[in-house]
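There are 2 protein chains.
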Amino acid sequence: MRLSAYFLPTLKENPTEAQIVSHRLMLRAGMIRQTAAGIYTWLPLGWRVLQKVEQIVREEQDRAGAQELLMPTIQAAELWKESGRYDDYGKEMLRITDRHDREMLFGPTNEEMITAIFRDNVKSYRELPKILYHIQWKFRDEVRPRFGVMRGREFLMKDAYSFDLDPAAARRSYNRMFIAYMKTFARMGLKAIPMRADTGPIGGDLSHEFHILAETGESAVFVHRDFIESDWQNRDVDYDGDLQPLVDELTGKYAVTEEKHDPAAAAALGDALVSARGIEVGHIFNFGTKYSKAMNAVVVGPGGEPVTVEMGSYGVGVSRLVGALIEAFHDDAGIIWPEAVAPFKVGLINLKKNEPHCDAACETLYRALGGEVLYDDRDERAGVKFADMDLIGLPWQIIVGPKGIARGIVELKSRKTGERQELPLEAVIERFRA
Amino acid sequence: MRLSAYFLPTLKENPTEAQIVSHRLMLRAGMIRQTAAGIYTWLPLGWRVLQKVEQIVREEQDRAGAQELLMPTIQAAELWKESGRYDDYGKEMLRITDRHDREMLFGPTNEEMITAIFRDNVKSYRELPKILYHIQWKFRDEVRPRFGVMRGREFLMKDAYSFDLDPAAARRSYNRMFIAYMKTFARMGLKAIPMRADTGPIGGDLSHEFHILAETGESAVFVHRDFIESDWQNRDVDYDGDLQPLVDELTGKYAVTEEKHDPAAAAALGDALVSARGIEVGHIFNFGTKYSKAMNAVVVGPGGEPVTVEMGSYGVGVSRLVGALIEAFHDDAGIIWPEAVAPFKVGLINLKKNEPHCDAACETLYRALGGEVLYDDRDERAGVKFADMDLIGLPWQIIVGPKGIARGIVELKSRKTGERQELPLEAVIERFRA
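Protein chains in written order, with the numbering used here: chain A, 22 to 455; chain B, 22 to 455.
Isolated chain A (complex conformation) (with noise of 0.2 Å):
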């Protein structure tokens, strides 16, 4: 993409409305706008880390054996009336009346959606397990919507529902996504640790958050040590095997947010206990029949006797992960993408625009390079393009000026370490060849 033709809008200036820094960052880098209280449209720069944590996110998913589907947003109030959750969910919920005068809702979670969808359409023990999700934008009408997407009204989130036979089975389920949801940070170069939860208004009695360490996270966690040094998540896993002894190792040490921070627990970790800042970036439940038995959605078992159905949630905060990149990669100059969500993974530099050499350069540059290159074009100074590169903060960035390119040579700096290597032209074309 050239920047001279990019819907990029950049600002210069810290908008006052931002309180936290990817809040800020992201207006900036002219990722979002906010279009009504908590509501915000994703421009293009936005749009593509959006899709691209989606993407992984769904990857991971049908790696563990979910199977997508996609339910829509808005919901008749009756399905809430069966679980008893529609007077429950008070002001959070978006309540809407149609021209019929029927009572719908913007779903603000699916369980109750998918146990009618399960309920109507499987019927025997045979069809057992299943792991259904979605990636939807959902509405929770917060009195107060604030730090840009990372508590926004309109959000979007993958939600996963698992229905199994027995306990033992939904264990495993369980068991599925937690893995899942570990490999799908890591591959966002994120390091997120597991924490005993409780289970809230979605019910049950086994849950787990997980929290990606940045120091302006939310909450005060406390963890083991091991959870930060370790790098578990190159190991191999065999989904169709036995995930039981891995979940205990990853939840065998101690991790645990404020509100169930054990000071005398934590202190016999000695010098093994980190306390840290952390932001809730998934969270799963295993809730039994809670829905099945509310909605009924019974199956007929091996005997032929009818089974309520096991149950869990799984859900991930896609569109607020982004705000939790940002929070947990950025520096004074700007956001600092990991390669795997990152925008573009270049971006290219002409330092002399219609400098005839510079401008060969950066065509040659340009072509070769595809379409994860972001060439800033721009008839502008040396400073401004420099700036508004870090602030975007792409993986990787080329830097053609006319005396080296009277030698052959451009730039390469990493924006996450600031090393800047001059390379031939060839050589950076290799490199980065689509």
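Rather than coming from a laboratory, the hints here were simulated on the basis of the structure.
Ideal Cβ placement from N, Cα and C applies to all residues, glycine included.
A portion of the hints provided could be inaccurate.
What the simulated footprint calls covered on chain B by chain A, stretch by stretch (three residues with Cβ under 8 Å from a Cβ of chain A suffice, anywhere in the stretch; the number is not a length) [stated by the list, open to error]:
1. 58-66
2. 135-144
3. 150-158
One side only, chain B facing chain A, incomplete, derived with CB under 10 Å [to be verified]:
4. 26
5. 69
6. 83
7. 88
8. 90
9. 99
10. 102
11. 112
12. 115
13. 118
14. 385
Add chain B to chain A, keeping to what the hints say.
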């Protein structure tokens, strides 16, 4: 995907609520389920088709120079009061009041929102032209939703918006979208015919509808035979060149819906006139300054003067296209997917599950063919398997039976032609290798 594990609830009987063939077949093939009037869940098989259709639309928008972003579903009513459409829109608009008693709505279209985004972020003629698009769920509260996804309430639309400095440039943007639409539909195997159209509530004076021909189409259409027999879409198009001659050629021949039909003009065509049935799958508008004037979308022109930008909007019904494709491609046994949008390219039928040679051959094929194969590994009668595979309409069926496999032979069947051929196992693998 193994069918024994796949969430594919096919139906043997025709659902009584479905009046048209695409609705019937989408329900029977386990592609969708209704969750409220005119609101559907896309089950895994349907979701795969919807994603493929969406991806073709996206690629052709990108190729034509449009840039993707994502606007939210929920909009503030104020935007629509600025354009004057809030009161005009009537009961089709799903109106919502949030917890702070602010008037909101579920977007039925996005002219107002994109104009506000443009106005707030683009200041100079140097940033033009711009074509921005998104693929997002819309809601229109139809009084009588029907025909499944063809006239639902929550539906997926691709809507693009162009911004230009003057009418000549706006016409160039219009032409880009016009050609992009022809290519989009052609890639799906559809013959789309552009027809002069009324602009209706969107406004403006230049508009085309794109109709595909299907015996079960909703509208009577009258078109010059050349549209049906020509094969223009195989021509290369240079989007940076002058598209007007091609657009003139494609709009120079008779093609109208019933409302615009002129029997006298049509009669002059003689044998060249074809009367047929059409389904609208796209609609494009050039509406000048209707929204930019009302909402003050002004840039600084080349001479420093303020210029109210020229706009157009361009819609494709993405979810509707899935229904339209089935209307165009089906027979008595079920759907006949064109390869580009088929949920899987190949269906693999094991005629004798648990027979070691059949099982082994199927496993070999399943592993070799990758993600585009659906393997019917169920312990079911051959008749059930054939019927289900014809119903869901994958383009190719590979049939593995004990007699053939004893000779190393499998059967390859084309869903479209019904043609069958016997081939060595290795030849089939070579033919479809992922």
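Do the hints match the structure? See the list:
1. Check on the stretch 58-66 of chain B: 7 of its residues sit with their Cβ under 8 Å from a Cβ of chain A, so the three-residue criterion for coverage holds.
2. With 5 residues having a beta carbon nearer than 8 Å to a beta carbon of chain A, the stretch 135-144 of chain B meets the requirement of three or more and the stated coverage holds.
3. Check result for the stretch 150-158 of chain B against chain A: holds, 3 residues qualifying (beta carbon to beta carbon below 8 Å, three or more required).
4. The beta carbon of residue 26 of chain B comes within 8 Å of a beta carbon in chain A, closer than 10 Å, and the hint placing it at the interface holds.
5. The restraint placing residue 69 of chain B at the interface with chain A holds, with a minimum CB-CB distance near 8 Å, inside the 10 Å limit.
6. The criterion of a C-beta within 10 Å of any C-beta in chain A is met by residue 83 of chain B, whose closest approach is roughly 9 Å, and the hint holds.
7. For residue 88 of chain B, the suggested interface contact is upheld, since its CB lies about 5 Å from the closest CB of chain A, less than 10 Å.
8. Given the 10 Å rule on beta carbons, the hint for residue 90 of chain B holds: about 5 Å separates it from the nearest Cβ of chain A.
9. Nearest Cβ of chain A to the Cβ of residue 99 of chain B: about 9 Å, under the 10 Å cut. The hint holds.
10. For residue 102 of chain B, the interface hint is violated, the least distance from its beta-carbon to any beta-carbon of chain A being 13 Å, above 10 Å.
11. Because the beta carbon of residue 112 of chain B sits about 5 Å from the nearest beta carbon in chain A, less than 10 Å, this interface hint is met.
12. Hint status for residue 115 of chain B relative to chain A: holds, with the closest Cβ pair at about 7 Å, below 10 Å.
13. Checking residue 118 of chain B against chain A by beta carbon gives a least distance of about 9 Å; that is within 10 Å, so the hint holds.
14. About 19 Å separates the beta-carbon of residue 385 of chain B from the nearest beta-carbon of chain A, more than 10 Å, and the hint is not met.
In summary, the numbered hints that this structure violates are 10, 14.
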